[in-house]
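2 protein chains.
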Amino acid sequence: MYIGLDVGGTNLRAGLVDEAGRLLAVRKIPLGEFQGVEPFAKTLASLAAQAARDGGISPGNLAYVGVGIPGATTKEEILYTCNIPMKNVPLARLLQSYLDVPVLLENDANCAAVGEYFCGVGQGTKNFALVTLGTGIGGGFILNEKLYSAGGMAGEVGHMVVEKGGAPCTCGRRGCWETYASATGLIRMTREAMERDKSSRLWEESDGGTAVTGRTVFAAALRGDKTAKALCETYVSYLAAGVVNLLNIFQPEVLAIGGGIGEAEEELLFAPLREIANRESYATRCGGKVSVVRAKLGGDAGMIGAALLERVI
Amino acid sequence: MYIGLDVGGTNLRAGLVDEAGRLLAVRKIPLGEFQGVEPFAKTLASLAAQAARDGGISPGNLAYVGVGIPGATTKEEILYTCNIPMKNVPLARLLQSYLDVPVLLENDANCAAVGEYFCGVGQGTKNFALVTLGTGIGGGFILNEKLYSAGGMAGEVGHMVVEKGGAPCTCGRRGCWETYASATGLIRMTREAMERDKSSRLWEESDGGTAVTGRTVFAAALRGDKTAKALCETYVSYLAAGVVNLLNIFQPEVLAIGGGIGEAEEELLFAPLREIANRESYATRCGGKVSVVRAKLGGDAGMIGAALLERVI
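Same order as they appear, the protein sequences are chains A and B. The numbering of the first sequence is the working numbering, which starts it at 1 and goes up by one. The numbering of the second sequence is the working numbering, which starts it at 1 and goes up by one.
What the hints contain is simulated information worked out from the structure, not anything from laboratory work. Keep in mind that a hint or two might mislead.
Taking lysine-lysine and the DSS-like style, the derived pairs with C-alpha atoms no more than 27 Å apart in a straight line are [what the hints assert, rightly or not]:
{"no.": "1", "chain 1": "B", "residue 1": "Lys126", "chain 2": "A", "residue 2": "Lys146"}
{"no.": "2", "chain 1": "B", "residue 1": "Lys42", "chain 2": "B", "residue 2": "Lys28"}
{"no.": "3", "chain 1": "A", "residue 1": "Lys75", "chain 2": "A", "residue 2": "Lys28"}
{"no.": "4", "chain 1": "B", "residue 1": "Lys28", "chain 2": "B", "residue 2": "Lys296"}
{"no.": "5", "chain 1": "B", "residue 1": "Lys87", "chain 2": "B", "residue 2": "Lys75"}
{"no.": "6", "chain 1": "A", "residue 1": "Lys289", "chain 2": "B", "residue 2": "Lys229"}
{"no.": "7", "chain 1": "A", "residue 1": "Lys75", "chain 2": "A", "residue 2": "Lys87"}
{"no.": "8", "chain 1": "A", "residue 1": "Lys126", "chain 2": "A", "residue 2": "Lys146"}
{"no.": "9", "chain 1": "B", "residue 1": "Lys198", "chain 2": "B", "residue 2": "Lys229"}
{"no.": "10", "chain 1": "B", "residue 1": "Lys87", "chain 2": "B", "residue 2": "Lys28"}
{"no.": "11", "chain 1": "B", "residue 1": "Lys75", "chain 2": "B", "residue 2": "Lys42"}
{"no.": "12", "chain 1": "B", "residue 1": "Lys87", "chain 2": "B", "residue 2": "Lys126"}
{"no.": "13", "chain 1": "A", "residue 1": "Lys146", "chain 2": "B", "residue 2": "Lys146"}
{"no.": "14", "chain 1": "B", "residue 1": "Lys42", "chain 2": "B", "residue 2": "Lys87"}
{"no.": "15", "chain 1": "B", "residue 1": "Lys75", "chain 2": "A", "residue 2": "Lys126"}
{"no.": "16", "chain 1": "A", "residue 1": "Lys289", "chain 2": "B", "residue 2": "Lys87"}
{"no.": "17", "chain 1": "A", "residue 1": "Lys226", "chain 2": "A", "residue 2": "Lys289"}
{"no.": "18", "chain 1": "A", "residue 1": "Lys75", "chain 2": "B", "residue 2": "Lys289"}
{"no.": "19", "chain 1": "A", "residue 1": "Lys146", "chain 2": "B", "residue 2": "Lys75"}
{"no.": "20", "chain 1": "A", "residue 1": "Lys198", "chain 2": "A", "residue 2": "Lys226"}
{"no.": "21", "chain 1": "A", "residue 1": "Lys126", "chain 2": "A", "residue 2": "Lys296"}
{"no.": "22", "chain 1": "A", "residue 1": "Lys146", "chain 2": "A", "residue 2": "Lys42"}
{"no.": "23", "chain 1": "B", "residue 1": "Lys146", "chain 2": "A", "residue 2": "Lys289"}
{"no.": "24", "chain 1": "A", "residue 1": "Lys87", "chain 2": "B", "residue 2": "Lys126"}
{"no.": "25", "chain 1": "B", "residue 1": "Lys296", "chain 2": "B", "residue 2": "Lys126"}
{"no.": "26", "chain 1": "A", "residue 1": "Lys289", "chain 2": "A", "residue 2": "Lys126"}
{"no.": "27", "chain 1": "A", "residue 1": "Lys289", "chain 2": "A", "residue 2": "Lys198"}
{"no.": "28", "chain 1": "B", "residue 1": "Lys146", "chain 2": "A", "residue 2": "Lys75"}
{"no.": "29", "chain 1": "B", "residue 1": "Lys226", "chain 2": "A", "residue 2": "Lys126"}
{"no.": "30", "chain 1": "A", "residue 1": "Lys146", "chain 2": "B", "residue 2": "Lys289"}
{"no.": "31", "chain 1": "B", "residue 1": "Lys146", "chain 2": "A", "residue 2": "Lys126"}
{"no.": "32", "chain 1": "A", "residue 1": "Lys42", "chain 2": "A", "residue 2": "Lys28"}
{"no.": "33", "chain 1": "B", "residue 1": "Lys126", "chain 2": "B", "residue 2": "Lys146"}
{"no.": "34", "chain 1": "B", "residue 1": "Lys289", "chain 2": "B", "residue 2": "Lys146"}
{"no.": "35", "chain 1": "B", "residue 1": "Lys87", "chain 2": "A", "residue 2": "Lys126"}
{"no.": "36", "chain 1": "A", "residue 1": "Lys87", "chain 2": "A", "residue 2": "Lys28"}
{"no.": "37", "chain 1": "B", "residue 1": "Lys146", "chain 2": "B", "residue 2": "Lys296"}
{"no.": "38", "chain 1": "B", "residue 1": "Lys126", "chain 2": "A", "residue 2": "Lys75"}
{"no.": "39", "chain 1": "B", "residue 1": "Lys126", "chain 2": "B", "residue 2": "Lys75"}
{"no.": "40", "chain 1": "A", "residue 1": "Lys87", "chain 2": "B", "residue 2": "Lys289"}
Sequences are here, hints too, so could you generate the full structure?
Okay, structure coming up:
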């Protein structure tokens with residue numbers, strides 16, 4: 001039995017996972033204000049121990065604890081995190097002082113890819129990619145049946161320029177995929193479309209513009225709003241630009257789309273995305289096949305993947 | 001001892017390579033007109049046997065023969081080739097009928113990456129990328145010390161869109177990296193610059209426009225031509241867009257640039273390219289390092305890599 005810990009932007013979660021990848025017990029608490037590295041480690045260790053006991057396991061009998069971190073890590077150390085002020089933190093050692101079992105750290109997008117690989121839409125493949133469309137874009141790659149991690153910083157697919165000289169990105173480049181195809185990018189483009197069309201249903205769907213989310217454009221498009229439909233097409237064209245780039249570079253058997261935007265309607269997102277992928281990808285032009293699918297495990301992918309990390313490293 | 005065969009656009013070459021990766025003997029003949037699969041296999045087998053005998057080895061005593069193919073392959077079969085009319089050709093079996101030793105096929109850009117990995121600038125790394133700037137752009141990746149091949153079609157980095165809606169590409173997409181950063185792309189941009197500036201030294205360097213090559217712009221820039229210097233900067237900015245994308249996705253310890261354009265002057269190509277890579281790559285912004293270097297083995301990389309294929313598969 002394993003524990004997968006998920007260090008999210010809102011919650012900390014611990015899941016007890018069995019050999020078959022089943023989630024037997026989950027504990028979560030709000031992330032709260034960061035009080036320092038030691039209290040953080042103690043909280044995580046306590047959460048892991050509770051989830052284990054919920055499933056009837058003594059924490060000391062766990063095979064190991066895997067931890068998904070929103071940032072770059074080695075197996076033992078957090079190099080840096082995006083939202084929590086931690087740099088060069090030996091978190092594995094800190095957790096072990098409480099738990100006395102092996103601890104493995106990994107980037108959270110990589111953990112989610114591992115989860116989908118073993119228990120979701122990546123099952124049975126040798127080469128699998130997961131793209132997570134959230135605040136940013138996360139990428140995780142299983143290549144030749146192993147997680148491609150490369151020192152904890154690989155897979156920054158969101159910072160792939162698809163429109164040279166385009167919209168400025170937080171990373172300092174311009175035209176990164178993430179500035180268009182993340183939820184943040186979609187919200188920005190939705191606001192821009194609303195400014196251009198004051199009569200669009202986008203206004204009604206977002207409480208007069210006070211509550212624009214990644215769902216707003218899909219909701220308005222479903223009700224037939226022309227501006228929203230046009231924006232859906234534009235959005236999918238940007239999403240497809242990066243997806244086809246990744247298909248051409250990695251040629252995975254399956255590329256899955258997860259995250260909040262990955263829950264959008266089949267006919268508005270996946271059908272047109274597949275149409276472009278089939279038309280434009282190098283493999284299909286040469287008689288091969290591509291498979292672009294919706295991820296399956298939702299918010300549990302990272303926790304399950306963290307628990308199963310050892311199988312792919 | 002191994003034979004590496006290189007199926008190039010102009011020549012067929014066979015190299016005898018020892019355990020240390022040293023090239024002991026080379027035979028080459030022009031590719032000539034394609035006479036069919038059987039004569040093609042016979043020619044390759046004969047070339048391999050000659051190179052072996054030149055080095056004092058009986059062909060039957062070779063450990064194996066590796067073959068670099070300009071196209072997609074499995075280990076045994078050519079799926080398709082770009083310039084030679086072959087599709088679903090069991091070339092390994094055909095060669096074995098003449099040579100009676102194991103035969104391995106692989107994409108030529110992948111072979112070149114293997115060559116640089118063992119005998120060139122990739123030595124000592126776990127994760128290494130080679131980008132070849134020629135007629136198109138080739139990409140080869142050693143990840144976790146293994147060649148990433150994925151069914152023979154991976155690594156099509158040239159068909160990564162970096163300027164959505166940009167210049168049309170032979171693959172059907174628009175704005176592919178290859179349409180700007182390949183030698184073909186640079187020649188097109190050189191001609192465009194010449195049309196805009198009839199007084200540019202680019203005309204003199206290309207015999208009045210009759211002999212524009214990938215070298216023309218560098219030659220004119222070295223002599224101080226302003227239009228040529230500006231085009232060098234534009235070219236490097238496109239080259240860097242794709243290079244930084246690959247650094248962000250793969251985070252290789254070393255990314256090497258080879259092919260004809262990779263022989264350009266340090267101050268015109270590599271210095272400004274490194275400056276952008278250091279400024280823009282995600283790793284350097286997070287305290288990491290990137291290494292972008294000139295490939296070392298030139299035209300021999302593919303032959304040497306083909307000979308050493310078995311070590312990375």
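Checked hints:
For the hint linking Lys126 (chain B) to Lys146 (chain A), the alpha-carbon distance of about 14 Å falls within 27 Å, and the restraint holds. For the given pair, Lys42 (chain B) sits about 14 Å from Lys28 (chain B) by alpha-carbon distance, which is consistent with the 27 Å threshold. Note on Lys75 (chain A) and Lys28 (chain A): the hinted pairing holds, with a Cα-Cα distance of about 23 Å set against a maximum of 27 Å. Between Lys28 (chain B) and Lys296 (chain B) the CA atoms are separated by roughly 21 Å; this keeps the pair inside 27 Å, and the hint holds.
With a C-alpha separation of about 14 Å, the suggested pairing of Lys87 (chain B) with Lys75 (chain B) holds against the 27 Å cut-off. For a cut-off of 27 Å, the pair hint linking Lys289 (chain A) to Lys229 (chain B) is broken: about 43 Å separates their Cα positions. Restraint check for Lys75 (chain A) and Lys87 (chain A): satisfied, since their Cα atoms lie roughly 14 Å apart, inside the 27 Å limit. A distance of roughly 8 Å separates the Cα atoms of Lys126 (chain A) and Lys146 (chain A); the hinted pair therefore holds under the 27 Å criterion.
Restraint check: the Cα-Cα separation between Lys198 (chain B) and Lys229 (chain B) comes to about 15 Å, which is no more than 27 Å; the hinted pair holds. Of the supplied pair hints, the one linking Lys87 (chain B) and Lys28 (chain B) holds, its CA atoms being roughly 24 Å apart against a limit of 27 Å. With a CA separation close to 19 Å, the supplied pair Lys75 (chain B) and Lys42 (chain B) stays within the 27 Å bound. The suggested pairing of Lys87 (chain B) with Lys126 (chain B) is violated, with an alpha-carbon distance near 33 Å, which exceeds 27 Å.
For a cut-off of 27 Å, the pair hint linking Lys146 (chain A) to Lys146 (chain B) stands: about 11 Å separates their Cα positions. Annotation: proposed proximity of Lys42 (chain B) to Lys87 (chain B) holds, straight-line Cα distance about 17 Å (limit 27 Å). About 16 Å separates the Cα atoms of Lys75 (chain B) and Lys126 (chain A), which keeps this hinted pair within 27 Å; it holds. Restraint check: the Cα-Cα separation between Lys289 (chain A) and Lys87 (chain B) comes to about 16 Å, which is no more than 27 Å; the hinted pair holds.
Under the criterion of a C-alpha separation no larger than 27 Å, the hint pairing Lys226 (chain A) with Lys289 (chain A) is inconsistent with the structure, at around 33 Å. The hinted pair formed by Lys75 (chain A) and Lys289 (chain B) meets the criterion: a straight-line CA distance of about 19 Å does not exceed 27 Å. Distance restraint check for Lys146 (chain A) and Lys75 (chain B): the Cα-Cα separation of roughly 20 Å lies within the 27 Å cut-off, and the hinted pair is therefore satisfied. The hinted pair formed by Lys198 (chain A) and Lys226 (chain A) meets the criterion: a straight-line CA distance of about 12 Å does not exceed 27 Å.
Taking the CA atoms of Lys126 (chain A) and Lys296 (chain A), the gap is about 18 Å. The hint holds against a cut of 27 Å. Annotation: proposed proximity of Lys146 (chain A) to Lys42 (chain A) is violated, straight-line Cα distance about 31 Å (limit 27 Å). Distance hint between Lys146 (chain B) and Lys289 (chain A) is fulfilled; the C-alpha atoms sit about 24 Å from each other, no more than 27 Å. As the CA atoms of Lys87 (chain A) and Lys126 (chain B) are separated by approximately 25 Å, the hinted pair is consistent with the 27 Å bound.
A C-alpha spacing of about 18 Å is found between Lys296 (chain B) and Lys126 (chain B), which places the hinted pair at or below 27 Å, so the restraint holds. Distance restraint check for Lys289 (chain A) and Lys126 (chain A): the Cα-Cα separation of roughly 15 Å lies within the 27 Å cut-off, and the hinted pair is therefore satisfied. Restraint check for Lys289 (chain A) and Lys198 (chain A): the C-alpha separation of about 43 Å exceeds 27 Å, so the hint is violated. With a C-alpha separation of about 20 Å, the suggested pairing of Lys146 (chain B) with Lys75 (chain A) holds against the 27 Å cut-off.
Under the criterion of a C-alpha separation no larger than 27 Å, the hint pairing Lys226 (chain B) with Lys126 (chain A) is inconsistent with the structure, at around 51 Å. Proposed proximity of Lys146 (chain A) and Lys289 (chain B) is supported: the alpha carbons are some 24 Å apart, at most 27 Å. A C-alpha spacing of about 14 Å is found between Lys146 (chain B) and Lys126 (chain A), which places the hinted pair at or below 27 Å, so the restraint holds. Pair hint Lys42 (chain A) plus Lys28 (chain A) holds up; C-alpha atoms about 14 Å apart against a cutoff of 27 Å.
Between Lys126 (chain B) and Lys146 (chain B), the direct Cα distance comes to roughly 8 Å. Compliance with the 27 Å bound is thereby established for this hinted pair. Simply put, Lys289 (chain B) and Lys146 (chain B) have alpha-carbon atoms about 22 Å apart, close enough for the 27 Å limit, and the pair holds. With a CA separation close to 25 Å, the supplied pair Lys87 (chain B) and Lys126 (chain A) stays within the 27 Å bound. Distance hint between Lys87 (chain A) and Lys28 (chain A) is fulfilled; the C-alpha atoms sit about 24 Å from each other, no more than 27 Å.
At roughly 20 Å between alpha-carbon atoms, Lys146 (chain B) and Lys296 (chain B) fall within 27 Å of each other, so this suggested pair holds. For a cut-off of 27 Å, the pair hint linking Lys126 (chain B) to Lys75 (chain A) stands: about 16 Å separates their Cα positions. About 23 Å separates the Cα atoms of Lys126 (chain B) and Lys75 (chain B), which keeps this hinted pair within 27 Å; it holds. Under the criterion of a C-alpha separation no larger than 27 Å, the hint pairing Lys87 (chain A) with Lys289 (chain B) is consistent with the structure, at around 16 Å.
This entry does not satisfy hints 6, 12, 17, 22, 27 and 29, going by the numbered hints stated previously.
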